[in-house]
Each structure stands twice: as structure tokens, then as C-alpha cells.
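Since each chain comes alone in its own frame, lean on the hints to assemble the complex.
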Amino acid sequence: MIEQLFPNVDWAKMLDATYETIYMTVIATAVTFVLGLIIGIVLFLTSDNQLWANKIVHFLTGSVVNIFRSIPFIVLIILLIPFTKFLLGTIRGANAALPALIIGAAPFYARMVLIALREIDKGVIEAARSMGAKTSTIVWKVLIPESLPALISGLTVTAVALVGYTAMAGIIGAGGLGTSAFLDGFQRNRQDVTFVATVLILIIVFIIQYIGDVITTKVDKR
Amino acid sequence: MIDLQNISKVYKTKNGELKAVDQVNLSIKQGEIFGIIGYSGAGKSTMIRLLNGLEKPTVGSVIINGNDISKASGKKLRDARQKISMIFQHFNLLWSRTVEDNIAFPLEIAGVPKEQRAKRVEELIELVGLAGRGKAYPSQLSGGQKQRVGIARALANNPEVLLGDEATSALDPETTDSILELLLDINKKIGLTIVLITHEMHVIRKICDRVAVMEAGKVVEQGEVLQVFQNPQAPITKNFMAQISGETQEIQASLEQILANYPSGKIVKLGFVGQTTEQPVISQIIKQFDIVVNIVHGKISNTTSGPLGTLFVHIEGSNDQINAALEVLAQHKVQTEVIGHD
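Chains E and W are the protein sequences, given in the same order. All residue numbers for the first sequence refer to our numbering, where the first residue is 1 and numbers rise by one. All residue numbers for the second sequence refer to our numbering, where the first residue is 1 and numbers rise by one.
Take the hints with a grain of salt, since some may be wrong.
[Said to hold, decoys possible] If you anchor each label on the Cβ, the simulated ranges turn out as follows: (1) E/Tyr210 x W/Lys56: 33 to 41 Å; (2) W/Leu18 x E/Ile115: 27 to 35 Å; (3) W/Asp68 x E/Asn95: 53 to 61 Å; (4) W/Gly16 x E/Lys55: 53 to 61 Å.
[What the hints assert, rightly or not] In silico SDA-like pairs for lysine to any residue, Cα to Cα no more than 25 Å straight-line: (5) W/Lys218 x W/Asn239; (6) W/Lys76 x E/Leu51; (7) E/Lys141 x W/Val112; (8) W/Lys56 x E/Ile138; (9) W/Lys135 x W/Asn158; (10) E/Lys221 x W/Gln140; (11) E/Lys122 x E/Pro99; (12) E/Lys221 x W/Lys114; (13) W/Lys75 x E/Gln50; (14) W/Lys56 x E/Gly123; (15) W/Lys56 x W/Ala216; (16) E/Lys122 x W/Ala110; (17) W/Lys135 x E/Gly123; (18) W/Lys135 x E/Ile144; (19) W/Lys71 x E/Glu126; (20) E/Lys218 x W/Asn239; (21) W/Lys83 x E/Lys221; (22) E/Lys134 x W/Val112; (23) W/Lys75 x E/Thr137; (24) E/Lys141 x W/Lys238; (25) E/Lys141 x W/Ala118; (26) W/Lys238 x W/Ala110; (27) E/Lys134 x W/Ile63; (28) W/Lys83 x E/Ser136.
[Stated by the list, open to error] In silico negatives: residues of chain E with every beta carbon more than 10 Å from chain W: (29) Gln4; (30) Asp48; (31) Phe86; (32) Ile91; (33) Ile115; (34) Thr194; (35) Thr198; (36) Ile203; (37) Val219.
If you are wondering where the hints come from, they were derived from the structure by calculation, not from laboratory data. Please read these numbers as outputs of a predicted model, since none were measured by experiment. Even for Gly, the Cβ is constructed at its ideal location relative to N, Cα and C.
Here chain W stands alone, though its shape is the one from the complex (with noise of 0.2 Å):
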């Protein structure tokens, strides 16, 4: 559905060239919500906009359901894009239009005549939730329904492809799953194609079937997110990482003293993937060998594809039935690292 194949982006500065994106290949799926996850200044709005072509890239191309936006221009491109909305990170809507008239603005542009535009608008105020607020101003609403318009608007015109640019990043967390929720709807109802960037590996999370993470212009790791979020193989991808499993510096803090605490004994991650997490590992491994086993750490986050579960927890006993313990929840697919006192 979407390729970018081999893509560069050099801005010419004052100091020099600025390598914005650095060859990057990328392949999305028809129907797949698809997450771009990098820092600020990693080269992500850069990307997403050469998927419409607001931004060209200096090498490569970029192939969208068989066409070439990268070599498209004039009319063609204008026409391209009517099929490419996006949505925004400050939502920008017209503030000199009510919310009917934001919604019909791409109509308006795609030339649907004035029945057929009042229709298609009420249709999409209801899709969004936006039920007899057509006729407020922007300026009436909160950010949450400012998102809100801003998705009517970019599925007005029925597109192949939504891009989100940091779509709920000016958001408050609830608003932000709100918004999210509505997306991954809009993604299960007509099989939209859906790209977003963000800085959150909460978006990720909630709503992507695949991840590719952005550093420095390159894409550094890419895969299922299950998988990506599983087994992290870049640090940038770990540190990300960090943001959903809870793996603060407190949390660092208190394994250094508990290891301080405990001489003896092991510390160990527990990774738990889909099932694994509805499976009663522990008290099974307590059971079976001479162990004592302290839990100091545990979350579960949900994705798209299943829960994902992380546990740091101490356990006391000798070795051999410490390494029989981790072997048996290796069996049950539980993933193990002992990150003290091995």
C-alpha cells in the first residue's frame, strides 16, 4: 500500500547540510494502523509529510497505492492528496468556520456539490460524536473535540490513508485515549489505513499492529509491536520502552538496594507475553522448588495484539533450584533475565 524505498532528506542549512531522514525503507499494509516512534528532532514530521508530499525527498521514492507521490506535482498531487488526509498536533482548523463548515472545507476543495456536502457533514459530526455542535465555532470547543472536527474533516473525502502528526500529543491522557479509541474504531469500521508519529509509547501501544523507531533520521528498529515491545534490540527502543513498562530510575533505585539488602538470592526480569500473563507461573515455581520468591516490580500494559506484562522479582535459594525455577518458566514462555547476583 505504502512504500518509501531507499528515502533521503538534506535540508540546506546556514551550518551545513541537515540529513533530516536517512535512507529509510519502509512498507506499511494496507488496513494496518502503523506507529513512527522517535524523540524530537529524530525526523518524524519530515517522514510524514513526504507521505503526502508536503515535503519531497531528495533521494528515493514514495509509492502510494502505485503512484508516486514523490514525483508528483500540480493537479495530480492535489488530486493524491484528497485521498491522503491528515490530522494534526494543534488540530489546525479554521477558526473563522463553524464546525459544519471546517468539515465540508476538503468537499469544498474536492468540488461535491452543496447537498451532497450538508449530508456527507452530518454523517461524519455523528460518526465522531459530535452530535449538535455543528454549528459552534473552534473556538467553543475543547482540544478533545477540536481532534474530533479534525478527523471529520480528514475522512470527509473518503481517503486511503490517514496521517496523524503527533495527533494526541497536545491532549490530556484521557482525551488522548478517547481519541484513540475513535481512531482504532475508524480503523475497524472501513479498514482506513493509518499512519501516526508520536513521542508516546502509549499510542503505540493502544492502537498500532506495527512500530517503526526513528533516531537520527534512520529507522533503527521495526516490527510488530508485541514483538518490538517483547524484545527491544536498540537503546533508543529500551528507553521507549521504559516509558510503558514503569522502568524508572526509582525503580532502578530500589533493585540496587534490594541487591544491596540481599546478598544472596537473584534478581530477575519476568517478560510475560499474551497468555503467559494469565498463566499462575509464580505460586506454581513456589511450589515446586525450595524458593522464596519477592516481588518488587510489576505491570501490565495492553496492546493491540494481546497484554504484556514485566515483573522484577527476588528470589532466595540455591542456585540449582533458582536455574530450575527459570528453566520452567522458560517452558511456560515466560521470559527471564537476571540482572543481579548471578
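So that you can see chain E by itself, here it is in the shape it has in the complex (with noise of 0.2 Å):
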């Protein structure tokens, strides 16, 4: 009866593709994470009224994230070929389309960083100084735990779209489910392999958003 719905899939190929789409996900997501992180925490520390206050650095800082937040993500990947290419000697396969991934990704979960940073009681971070924590104890032990349920559901957010992110790669050559969607299906008019492959992704992200929102949940005891 599947043989029947969906004559052109290749099943063996699609569980290849749906590896490829996860592995290329879980990695960039898990970089993206402490890039994001570092990032988000230097723009917190470096505003107005915080530790590291430093209008220069937080423009700088801003405007990097800005700029790569702002280039449509095909284009980012156009644009970084040459970069992969030095990096990794090609720019097929899904190892080399995670730079592309995590420059296009980590701004974007820095931002949310910020956002999450910000949500903090001042009173708090001004109640560690009071203690003699220095600037590391308060990331360590206030600013991420205290805003760790943000931090997490923009994780899953971005996660979330470097799924989409990852087909979108599939495109250029990248492999994965976006491959299977584009290049299998849509180009050679088979579209039960589109079909089967958007089905995938969908079952991706779902688990995706219910894991996030599982340990989100966990981790609040507000």
C-alpha cells in the first residue's frame, strides 16, 4: 500500500537524508548555543549601567550581529563559499554547510540572549556585587540560571529555524531532507518525495518545540 502511495521514494535514501537533516541541526544548534551565548552576554555586559559598560564595544558588537541578521540566509550561504571552502575543501555535504548555519544562527540567538539577559531582576545582579562575586561568578551562577528558561525557549526557537535553515542548504547541495524535498522531488516532478520529505521535517520540529518546551518548564521554579 506505501509502495502504492508513494512510488518514487526511496526509503533507505530518505532515512539517510533525515540523519543528515538531524546531524546538521543537533551540531549547529549545539554551536550556535555557546556562540549565541557569548555573544548576547558580552552585548548585556558591555550596555549602559552594566559591569562591562562600553558604548564602543556594544556598537561594534551590535552592528556585527546586525549586519548578519540582516542577510537573507540563501544569500549568506553564497556568500560564505569561498569561506567554506577554505575551511573544510569543498562546499558539498553536510559538514560544510554548518558555517553557514551558525554565522546565519548565532546572531540571532544572541539577540535572544540580550532579550533574555534583560528580563533579570537588577536586584538581583546588584545583590551578588553586594556579596563580592566577581564579574564570572555572576555569569556563572546568576545571569545564566536566572534566565535560563529564556535562554532555553529561544534555543528552541532557534533551533527551530535552522531546520528550516537546513533545507534551505539542501538546496545548494548540502544534502539532508531539503535535498530529498528540492532536488528528488520538485525537479524531477516527483512529489510524493516532496511530500514525504516536508512530512519529515514537520515530525522534526514538532519534537524539537516538545522537548524545549519540556525542560523550559523544568527548569522555571519561578
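Structure (C-alpha cells):
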């Protein structure tokens, strides 16, 4: 019956593509989390009345974030081709998609980190300072734990966006479900392949959202 | 112990300079509870933050135990802050940590090993009366319990000074009293120096030994609580006194009413301090002189250094008799102030 409904679907290939999409999403999300968190914390600490208040650093970091956030992802991939080639020696395959995915998503996540950190009660930071805490202690023991629910829900949104980005990267040959849907499905006029790839992408997105929601609720003790 | 020498703090704002603290000199003794009272905007929040270096004075120096806090920075300032702890109006607990972990936080900052931390936390939970609530999160506690956690956290590193930033202003009257009693108890037990800022005269009356009154960045009056209460000088201090003597507009109105109804006699405000509150002076003057005494309003408040009473009376009789009666009252160290028909 499945054979009749989806005559053109090569299930083994589809499984590989799903694996590639998950691989790209997981690695890119992990690196984006670290990079975005660092940039977000720098943005927060250098803003007015904060511990490292510094207009110049804040402006420069903010500008870099805004520039990379403004470039449409499909254009970013093309712009980064020389960089990717220099870094990995190739522009094809799942690994070659990672630099573009990370550079596209980290500034986006950094903004969400900044929003999350601004929501922290100023009094709690003042209390930590009044106890003689170092800035590093404040970052690790106050800023990150006190904004954790917002950091995780932001990461969930970013991961979902990254699934979309991997599909776009698939169009220029990164592999994954994007390649299946576009090259194998659309360009060869096999609508069943496009359909199955789309459903698999949806399932991945739903799972990410579910995991994100569960963790967010669990860490929120407010 | 704490010496503020000629402190000024100026903020630059868009509308020019703002003098939050203006040439303040204060000296706070070891082991006392010192209150700073003022309305919001008087500069008291800035004042208390000068004491732990969260704010730096524009001019002057803040000396605590021989350390110049206003000049300290980096590690020296951080080490000093471990001995000058602070409690806050809105408690400022970390919601992500349990009661135990909140109290352990300053110990982690000070680098105390894990087992010692656990032991100290247990002692502190016991001390502030939160036994059994150690695993709770702040969101599961009442306001009073949160402030108890705040106090335990502040005491963790055996500080030399405890700063209270409107520590009871977000609490209901009963909880306020229980927190004040806890602070007084700690002050007595371990001889901790406590500096409180507040806008409630009640707090000053209940636990402070000495008080400074602030208005527009200046200290307009300071001294022993009982002395300031008995004989307030600055108009703003008199306003604050009205909070506890019950000298409200209502009473003012009833005094005027009596003045209008009884064109003869005098209305006198009597001030009793300490032991004089316990003497039957009114019945004595009624017996001794040919006068009629009508009590209009009265109130007794307790301070740490003794009770303080105010009584408004209307005295009817000949001028000679009334003056002689007031003389006797004065001999008994009762303050008298004629406020009508003299």
C-alpha cells in the first residue's frame, strides 16, 4: 500500500537524508548556543549601567550581529562559499553547510540571549555584587541560571529556524531532507518525495518544540 | 567603626547635576543599630550604597574599620564586601536556587568548602527560624520568609556590618515586627553593627539606637533616638514624629474644636520620656491644684531605650493655678507645651 501511495520514495535514502538533517541541526544548534550565548552576554555586559559598560564595544558587537542577521540566509550561503572552501576544502555535504548555518543563526540567538538577560531582576545582580561576587561568578551563577527558561525557549526557536535553514542549504547540495524535497522531489517532478520529506521535517520540528517546552517548564522555578 | 567624612554624591543627568548626597558627616559605632530616615528621593538609597561601594562618592571618604571603601576596587573591594552584607526591600533572592542554595551563595563566593557550607547553612536556617524549609524555592515562601532567607544569606560570611535597604517596607505590619525583632535579636546575640534606611518612623522607634534624618541629600538632624523623639528640631523630623505620636490632622481638627468650644483654659501637649511615663502626675496635679483636666488624646510608644508618651490635655482653672500645675509637671521632667489660649 505504501509502495502505491509513494511509488518514487527510496526509503533508505530518505532515512539517510533525515539523519543528515538531524546531524546538521544538532551540531549547528550546539555551536550556535555557545557562540550566541557568548555574544549575547558581551552585548548585555557592555550595555549602559552594566558591569562592563562600554559604548564602543557594545556598538561594534551590536553592528556585527545586525549585519549578519539582516543578510537573507540563501545569500549568506553563497557569500560564504569561499570561506567554507577555505575551511573544509569542499562546499558539498552536511559539514559544508555548518559554517553558514552557525553564522546565520548565532547572531539571531545572541539577540534572544540579550532579551533574556535584560529580563533578569536588576536587584539580584546588585545583591550578588554586594556579596563581593566577581563578574565571572555573576555570569555563571546569576545571569545564566536566572535567565535559563528564556535561554532554552530562545534556543528552541533558533533550532526550529535552523531546520528551515538546513532545508535551504539542501538546495545548493548540503544534503538532508531539503535536498530530497527540492532536487529529488521538485526538480524530477516526484511530488510524493517532496511530500514525505516535508512530513519528516515537520516531525523533527514538532519533536524539537516538544523537548524545548518540557525543559523550559522543568527549569522554571518561579 | 563607620565614618562618613564630608560625603557628596553628584549625578549628571540631562537636566543638569543632581546632588543625591550633600556634604554628609556621620559616624556609626560598633554594635549599634543606626537608622537613616527620609522620604523617597532624600538620598538615603545612595547613602547606603556608598557604604559597600556599590556607589562611589564624588567627594569625601567612607571609612569602615579603617578601610577606605570609597577608594577600594577590584579584589580589595570584593573582599571588603564579604564583611559588609546587605538585605533588600524586594529580598533579591535567586529564584533558580533553593533556600539552602541561596544562603550558600555568599559562601560559594567566599570559596568556603562544600561540607563547611552545608554546616553553616544549617545553622543559619535554624537561626532565622526557617527549619524544614531548606529545600523550598523562593516562589514557595511568603514575604516574611523570603526576608528571613535574605537575612540568613547576609549573615553567612559573619559580616561586621549589616546594611538594610528598606528591608521591611514591602512587608505587612506584623511581619515587619517579626523581622525587626529578628534583627534586634541578632544585634544583641553577636553584636553586629546594623545600618538601616527606612521611611517608617516605626522601624526607628522599634530597634534603632541612633537616628539620622535626611532631607534633600543632607542630614538635617541626628542623635540618640529617644532624644530626637523627645525634642525634634527640624520640621521634617516633626512630620516623621507625627507618624508615631498619632498627631494626625484628625487630632488637629479635634483640638481646634475644643479650643472653639472652651474659650477659657489651656490646651497643653505633655511629653513623657522613660520613667516619667509610669508616674501618676496627672492625678497629682488635679489633687494639688484647683483645676479640671480633660484628656483629649494620648499615646505611648516603646523605643529600645525606653517608652515615650504624648498626651494632649485641656486644663480649666485660673491662670495662676494652671501655671503652678505646669511647674510641678516640669519638676517631674514632663515636657509641657501650651498650644492654645495662652
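Results of checking the hints against the structure:
1. E/Tyr210 x W/Lys56: 33 to 41 Å: Check failed, 50 Å falls outside 33 to 41 Å.
2. W/Leu18 x E/Ile115: 27 to 35 Å: 30 Å, holds
3. W/Asp68 x E/Asn95: 53 to 61 Å: The hinted range 53 to 61 Å holds for W/Asp68 and E/Asn95, with Cβ atoms some 58 Å apart.
4. W/Gly16 x E/Lys55: 53 to 61 Å: Since W/Gly16 and E/Lys55 have Cβ atoms about 22 Å apart, the given range 53 to 61 Å is violated.
5. W/Lys218 x W/Asn239: Answer holds: W/Lys218 to W/Asn239 is near 17 Å, not above 25 Å.
6. W/Lys76 x E/Leu51: Answer holds: W/Lys76 to E/Leu51 is near 17 Å, not above 25 Å.
7. E/Lys141 x W/Val112: OK: E/Lys141 and W/Val112 at ~16 Å, within 25 Å.
8. W/Lys56 x E/Ile138: Since the Cα atoms of W/Lys56 and E/Ile138 sit roughly 21 Å apart, the hinted pair holds (cutoff 25 Å).
9. W/Lys135 x W/Asn158: Status holds; Cα separation ~23 Å.
10. E/Lys221 x W/Gln140: Holds: E/Lys221 and W/Gln140 sit about 9 Å apart, inside 25 Å.
11. E/Lys122 x E/Pro99: 36 Å, violated
12. E/Lys221 x W/Lys114: Answer holds: E/Lys221 to W/Lys114 is near 24 Å, not above 25 Å.
13. W/Lys75 x E/Gln50: Satisfied, since the Cα-Cα distance of roughly 18 Å is no more than 25 Å.
14. W/Lys56 x E/Gly123: 18 Å, holds
15. W/Lys56 x W/Ala216: Within the cut-off at roughly 18 Å; holds.
16. E/Lys122 x W/Ala110: 22 Å, holds
17. W/Lys135 x E/Gly123: Holds, because 23 Å separates the two Cα atoms, which is no more than 25 Å.
18. W/Lys135 x E/Ile144: 21 Å, holds
19. W/Lys71 x E/Glu126: Since the Cα atoms of W/Lys71 and E/Glu126 sit roughly 19 Å apart, the hinted pair holds (cutoff 25 Å).
20. E/Lys218 x W/Asn239: 51 Å, violated
21. W/Lys83 x E/Lys221: With a Cα-Cα distance of about 30 Å, the restraint between W/Lys83 and E/Lys221 is violated, given a limit of 25 Å.
22. E/Lys134 x W/Val112: Holds. E/Lys134 to W/Val112 sits at ~15 Å (cutoff 25 Å).
23. W/Lys75 x E/Thr137: Distance of about 13 Å is within 25 Å: holds.
24. E/Lys141 x W/Lys238: With a Cα-Cα distance of about 46 Å, the restraint between E/Lys141 and W/Lys238 is violated, given a limit of 25 Å.
25. E/Lys141 x W/Ala118: 18 Å, holds
26. W/Lys238 x W/Ala110: Not satisfied, since the Cα-Cα distance of roughly 44 Å exceeds 25 Å.
27. E/Lys134 x W/Ile63: 23 Å, holds
28. W/Lys83 x E/Ser136: Satisfied, since the Cα-Cα distance of roughly 20 Å is no more than 25 Å.
29. Gln4: 55 Å, holds
30. Asp48: The claim stands: E/Asp48 keeps its Cβ more than 10 Å from every Cβ of chain W (closest is about 13 Å).
31. Phe86: 42 Å, holds
32. Ile91: 43 Å, holds
33. Ile115: 18 Å, holds
34. Thr194: Label holds. Min Cβ-Cβ 45 Å, cutoff 10 Å.
35. Thr198: Per Cβ check, E/Thr198 is outside 10 Å of chain W; nearest 39 Å; holds.
36. Ile203: Non-interface label stands for E/Ile203: nearest chain W Cβ at 33 Å, farther than 10 Å.
37. Val219: 8 Å, violated
Hints 1, 4, 11, 20, 21, 24, 26 and 37, counting from the list given before, are not met by this structure.
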